[in-house]
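Please arrange chains B, C and D on chain A, whose structure you already have, making use of the hints.
One letter stands for each residue in the lines below.
Protein chains: 4
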Amino acid sequence: MKQIELSLLKEHERTVVQVGNVAVGKGLCVIAGPCSVESEKQTVETAVAVKEAGADILRGGAFKPRTSPYAFQGLGLKGLKILKKAREETGLPIVTEVVDTRDVPWVSEYADILQIGARNMQNFSLLKEAGKANKPVLLKRGMNSTIEEFLNCAEYVLAAGNPDVILCERGIRTFETYTRNTLDISAVPVLKELTHLPVIIDPSHATGRVSLIPSLSLAAVAAGADGIMVEVHINPAEAICDKEQALTPEQFTAMMNHVRTLHRFMESAA
Amino acid sequence: MKQIELSLLKEHERTVVQVGNVAVGKGLCVIAGPCSVESEKQTVETAVAVKEAGADILRGGAFKPRTSPYAFQGLGLKGLKILKKAREETGLPIVTEVVDTRDVPWVSEYADILQIGARNMQNFSLLKEAGKANKPVLLKRGMNSTIEEFLNCAEYVLAAGNPDVILCERGIRTFETYTRNTLDISAVPVLKELTHLPVIIDPSHATGRVSLIPSLSLAAVAAGADGIMVEVHINPAEAICDKEQALTPEQFTAMMNHVRTLHRFMESAA
Amino acid sequence: MKQIELSLLKEHERTVVQVGNVAVGKGLCVIAGPCSVESEKQTVETAVAVKEAGADILRGGAFKPRTSPYAFQGLGLKGLKILKKAREETGLPIVTEVVDTRDVPWVSEYADILQIGARNMQNFSLLKEAGKANKPVLLKRGMNSTIEEFLNCAEYVLAAGNPDVILCERGIRTFETYTRNTLDISAVPVLKELTHLPVIIDPSHATGRVSLIPSLSLAAVAAGADGIMVEVHINPAEAICDKEQALTPEQFTAMMNHVRTLHRFMESAA
Amino acid sequence: MKQIELSLLKEHERTVVQVGNVAVGKGLCVIAGPCSVESEKQTVETAVAVKEAGADILRGGAFKPRTSPYAFQGLGLKGLKILKKAREETGLPIVTEVVDTRDVPWVSEYADILQIGARNMQNFSLLKEAGKANKPVLLKRGMNSTIEEFLNCAEYVLAAGNPDVILCERGIRTFETYTRNTLDISAVPVLKELTHLPVIIDPSHATGRVSLIPSLSLAAVAAGADGIMVEVHINPAEAICDKEQALTPEQFTAMMNHVRTLHRFMESAA
Chain A
288 MKQIELSLLK
298 EHERTVVQVG
308 NVAVGKGLCV
318 IAGPCSVESE
328 KQTVETAVAV
338 KEAGADILRG
348 GAFKPRTSPY
358 AFQGLGLKGL
368 KILKKAREET
378 GLPIVTEVVD
388 TRDVPWVSEY
398 ADILQIGARN
408 MQNFSLLKEA
418 GKANKPVLLK
428 RGMNSTIEEF
438 LNCAEYVLAA
448 GNPDVILCER
458 GIRTFETYTR
468 NTLDISAVPV
478 LKELTHLPVI
488 IDPSHATGRV
498 SLIPSLSLAA
508 VAAGADGIMV
518 EVHINPAEAI
528 CDKEQALTPE
538 QFTAMMNHVR
548 TLHRFMESAA
Chain B
288 MKQIELSLLK
298 EHERTVVQVG
308 NVAVGKGLCV
318 IAGPCSVESE
328 KQTVETAVAV
338 KEAGADILRG
348 GAFKPRTSPY
358 AFQGLGLKGL
368 KILKKAREET
378 GLPIVTEVVD
388 TRDVPWVSEY
398 ADILQIGARN
408 MQNFSLLKEA
418 GKANKPVLLK
428 RGMNSTIEEF
438 LNCAEYVLAA
448 GNPDVILCER
458 GIRTFETYTR
468 NTLDISAVPV
478 LKELTHLPVI
488 IDPSHATGRV
498 SLIPSLSLAA
508 VAAGADGIMV
518 EVHINPAEAI
528 CDKEQALTPE
538 QFTAMMNHVR
548 TLHRFMESAA
Chain C
288 MKQIELSLLK
298 EHERTVVQVG
308 NVAVGKGLCV
318 IAGPCSVESE
328 KQTVETAVAV
338 KEAGADILRG
348 GAFKPRTSPY
358 AFQGLGLKGL
368 KILKKAREET
378 GLPIVTEVVD
388 TRDVPWVSEY
398 ADILQIGARN
408 MQNFSLLKEA
418 GKANKPVLLK
428 RGMNSTIEEF
438 LNCAEYVLAA
448 GNPDVILCER
458 GIRTFETYTR
468 NTLDISAVPV
478 LKELTHLPVI
488 IDPSHATGRV
498 SLIPSLSLAA
508 VAAGADGIMV
518 EVHINPAEAI
528 CDKEQALTPE
538 QFTAMMNHVR
548 TLHRFMESAA
Chain D
288 MKQIELSLLK
298 EHERTVVQVG
308 NVAVGKGLCV
318 IAGPCSVESE
328 KQTVETAVAV
338 KEAGADILRG
348 GAFKPRTSPY
358 AFQGLGLKGL
368 KILKKAREET
378 GLPIVTEVVD
388 TRDVPWVSEY
398 ADILQIGARN
408 MQNFSLLKEA
418 GKANKPVLLK
428 RGMNSTIEEF
438 LNCAEYVLAA
448 GNPDVILCER
458 GIRTFETYTR
468 NTLDISAVPV
478 LKELTHLPVI
488 IDPSHATGRV
498 SLIPSLSLAA
508 VAAGADGIMV
518 EVHINPAEAI
528 CDKEQALTPE
538 QFTAMMNHVR
548 TLHRFMESAA
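Residue numbers (the working numbering), protein chains in the order written: chain A, 288 to 557; chain B, 288 to 557; chain C, 288 to 557; chain D, 288 to 557.
Just chain A, same shape as in the assembly (with noise of 0.2 Å):
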């Protein structure tokens, strides 16, 4: 990596982004729910199974950055409310993407933390836009990028003022087509080496089938990640997108067992 002064890199205490009362980057932080917001039924009881099995914040998408410009786009403000109700539902932080540099103060209002997800991960004005913002941001790595673009996007947020950046590592493109994406599992510890910021991982978009996904959030944890991000559904089959990833809220709580004690080892062995 070419020598680059970036203040991810510098000298710091780990960063510890405060989100309600989960912080993200002590303990195990784990992110759970549909991929869309596709009804208030469902978000909320999705938001409810979450919680039961030990979720610490809710996912959803209201904008939905799809392959197909006929693909359903999200449900928008619409979705965002949907959201809101299942935060008070339950207590959990929402997570939630964010896409258009337009949308940034308004989503705001509604997120409590913003995600740039992997396709607009060097879509620099919203990252300049996102650091404006005052909330923290979820970053996800592009399919195709390397760590040092991935630093330097994540730089963009800081540079502009907001030094809450999670970073989120969601599977490479490669040849390989068995699986979605390749999971870069090395870019746990290389991450954790290299800056002072939160490091996730996303399991159920790096594989996209559901088989997988336990194994991977053990790895995950194992390499020393502050949390996982997965997709859990109350009937996947209905789901509207990436139905071959989307948990049961059963597997979910099955899956959350061994992911804690695996994490209580850990700490324990460390």
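Where hints are given, some of them may not hold.
Identical chains blur together in the list; that is why a pair holds if it fits in one copy or across any two.
[As the list claims (entries may be wrong)] Below, in silico cross-link-like pairs of lysine to aspartate or glutamate (DMTMM-like), each with a Cα-Cα straight-line distance of 25 Å or less:
#: 1; residue 1: K415; residue 2: E435
#: 2; residue 1: K422; residue 2: D529
#: 3; residue 1: K372; residue 2: E327
#: 4; residue 1: K372; residue 2: D399
#: 5; residue 1: K530; residue 2: E292
#: 6; residue 1: K313; residue 2: E531
#: 7; residue 1: K479; residue 2: E531
#: 8; residue 1: K371; residue 2: E525
#: 9; residue 1: K372; residue 2: E480
#: 10; residue 1: K365; residue 2: E298
#: 11; residue 1: K365; residue 2: E525
#: 12; residue 1: K365; residue 2: E300
#: 13; residue 1: K530; residue 2: E480
#: 14; residue 1: K479; residue 2: E554
#: 15; residue 1: K479; residue 2: E537
#: 16; residue 1: K415; residue 2: D529
Hints in this document: simulated from the structure, not taken from any laboratory.
Showing chains B, C and D alone in chain A's frame:
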């Protein structure tokens, strides 16, 4: 490729994008100019030189998407005014990149063609906004994007009401590091076979090496491309960005002779 | 690229590989024939057809490296005898693949050129053995191999005493799945610039699609390639392997006219 | 994946490969040792050190597939004799690479496990020959190979009559250059789900960086791997190859404690 119902795939006579006197999609269109607008002198002199060498359209960036937040980000409005000046001096239409949804309306007042760059190819908000603009759009393929994704992004612009889209292949990211990217020359016949839109090639970003640009420009013409887009700088050694891939006006002039001669031959041989 | 002291990079007049009456590296060399030798009738008829269309060398596999152990592995010695018969009928020299160090001596008695395939590019034992053979070697670039690795593999042959190496770019593996592989057209000027060896292109394996082969052959010629290598089958629908990328003799003949015309033009324009 | 009828995919109890007293596929198998056998002192001392730290099997290369023909190619027979000596001193079984079909019979007299390396994964002649050997085979995934290709290569060995195959993921080639390769951690649950063969991970080649090896070893264990394979050298600074990825005996010992503790925890939690 999945069966997709995209209007750009439908039976249709080949789209010709009219930009002033230039008809992109008819004959061979050559777009040339500096990576960034750095100063009036640099831009106007380059414009005059590429015009003399036979270029049809002037390129130049006023908003530069840069890996690092601390790198030169472009001159913005000042840069657009310089481009306007260069157009007045040479009569060449100008293509320039737009990187923020909020900028589309006013950048459209300066640009003859709006460019959407590789890093923003899947910035769907920007694509929709460009679809509402009354200017043609030059869409660059993302460096990690499949042909199918590229077509869907072009369809975002068409679906929003703008039929004037030019597709540009500019190299994809692979394991090879000798060249900056890998020019996917197959994209030329593939895109011409699948769609009715004009297809151009950018050998400058594809290779990142001056010595390879003439050969790849000839290859593009032989493969059936509707045009090429090349970086030229009056003094590459002093260019603010991409200096290793900028041709001098002399190199560009020499290359143009070969390219035009080959194109005439290809037309006569067809 | 690291500073490497390879003899193929050294100052040297361009290597011309003489194979019977054919001089590879002087003019345009066209190699054509079936993927596999399936029968005497199929091979000899194809040989006669490609000879009539103007091919210089006959290709055909007697040992086939196949993904599955249960797929057709080639006719072996029987296949070599059929190739010999085809050479007697047409006068075309033959190039055929060798896949085992133990086979090099006796396959050399049949072949005019030994091919080392993409999957064996880094089979260093095989390279060394081919370096001791008294026949030219056509070395295909591995589908995941960098230019630097490719050059080092060619150097293995040279270092073992055989100066007659032909480099063949046949597509690299990328994330794109629309084409079978991605033809790295830049490899042509790069390899010509760096080495003194002849460089040819295999558009059949690079694309896996008949419709793209003529355009890419023209692109290769325009980029400066010394030859092309194309799969032709008298009845592609019944080919045992790679049927979707085999040209009929009619398609090959039509393409050859364009390719030869373009090459003459390129020579006259140089 | 295409419907393929491979015996390794069939209903079958999990294969346990017995190597002396070591049962690969039962418990956690740790393979450690130098990249290359350089001298008796270096090899025996490393063997003693890794044995003390709890390794089960000694690795060490006598035939080295090297990018350059001018690089150290291994000690050959002399290296095998040194490995034999190290086995006598420590009781550790040895795994060593074979690179030529002609060598399989006599290398089998020294090795307890034959390794087929990443560059030779699709050297089908070598796979067939190893299938006839009476020693287990450790097959490394090619750096550009899909899971499907990897399985088919393992099937070549099984189809030739040798049921004792150990699958090893060692990193794939991607656009990321910060790490030497990208460890495809998903391969662990995928291969365990699809096949009945033991699956191990090589974090040394996957990362090329000492600092990342412990985290990835833990991740592999958490993901369910049957073992790890790690490079250890008594004096990494003087290693002839891969010095930047070799652990010192001290680093290896520290890592082993964590790895074994985690594995016991995973077994108790299952």
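Structure-based check of each hint:
1. Within a single copy, K415 and E435 get their C-alpha atoms as close as 18 Å, which meets the 25 Å cut-off; across copies the closest is 30 Å, which misses it.
2. In this assembly of identical chains, K422 and D529 lie within 25 Å of each other by CA distance neither inside one copy nor across copies; the values are 27 Å within and 35 Å between.
3. Taking identical chains as interchangeable, the C-alpha atoms of K372 and E327 lie at most 25 Å apart only when both belong to the same chain, with a minimum of 8 Å there against 55 Å between chains.
4. When the C-alpha separation of K372 and D399 is checked against a cutoff of 25 Å, the pair qualifies only within one copy, where the shortest distance is 13 Å, while the shortest distance between copies is 46 Å.
5. In this assembly of identical chains, K530 and E292 lie within 25 Å of each other by CA distance solely across copies; the values are 22 Å between and 42 Å within a copy.
6. Taking CA atoms no more than 25 Å apart as the test, K313 paired with E531 passes in neither setting, with 31 Å inside one copy and 32 Å between copies.
7. Proximity of K479 to E531 under the C-alpha cut-off of 25 Å is restricted to the inter-copy arrangement: shortest distance 20 Å between copies versus 30 Å within a copy.
8. Only within a single protomer do K371 and E525 lie at most 25 Å apart by alpha-carbon distance; the minimum there is 23 Å, versus 53 Å between protomers.
9. Neither within a single protomer nor between protomers do K372 and E480 lie at most 25 Å apart by alpha-carbon distance, with minima of 38 Å and 40 Å respectively.
10. Neither within a single protomer nor between protomers do K365 and E298 lie at most 25 Å apart by alpha-carbon distance, with minima of 43 Å and 38 Å respectively.
11. For the homomeric pair K365 and E525, the shortest alpha-carbon distance inside one copy (20 Å) is at most 25 Å, but the shortest distance between copies (52 Å) is not.
12. In this assembly of identical chains, K365 and E300 lie within 25 Å of each other by CA distance neither inside one copy nor across copies; the values are 39 Å within and 41 Å between.
13. For a Cα distance limit of 25 Å, the shortest separation of K530 from E480 across copies, 20 Å, qualifies, whereas the shortest one inside one copy, 35 Å, does not.
14. In this assembly of identical chains, K479 and E554 lie within 25 Å of each other by CA distance solely inside one copy; the values are 16 Å within and 28 Å between copies.
15. Taking the shortest Cα distances, K479 and E537 sit within 25 Å of each other only across copies (23 Å), while inside one copy they are farther apart (32 Å).
16. When the C-alpha separation of K415 and D529 is checked against a cutoff of 25 Å, the pair qualifies only between copies, where the shortest distance is 23 Å, while the shortest distance within a copy is 29 Å.
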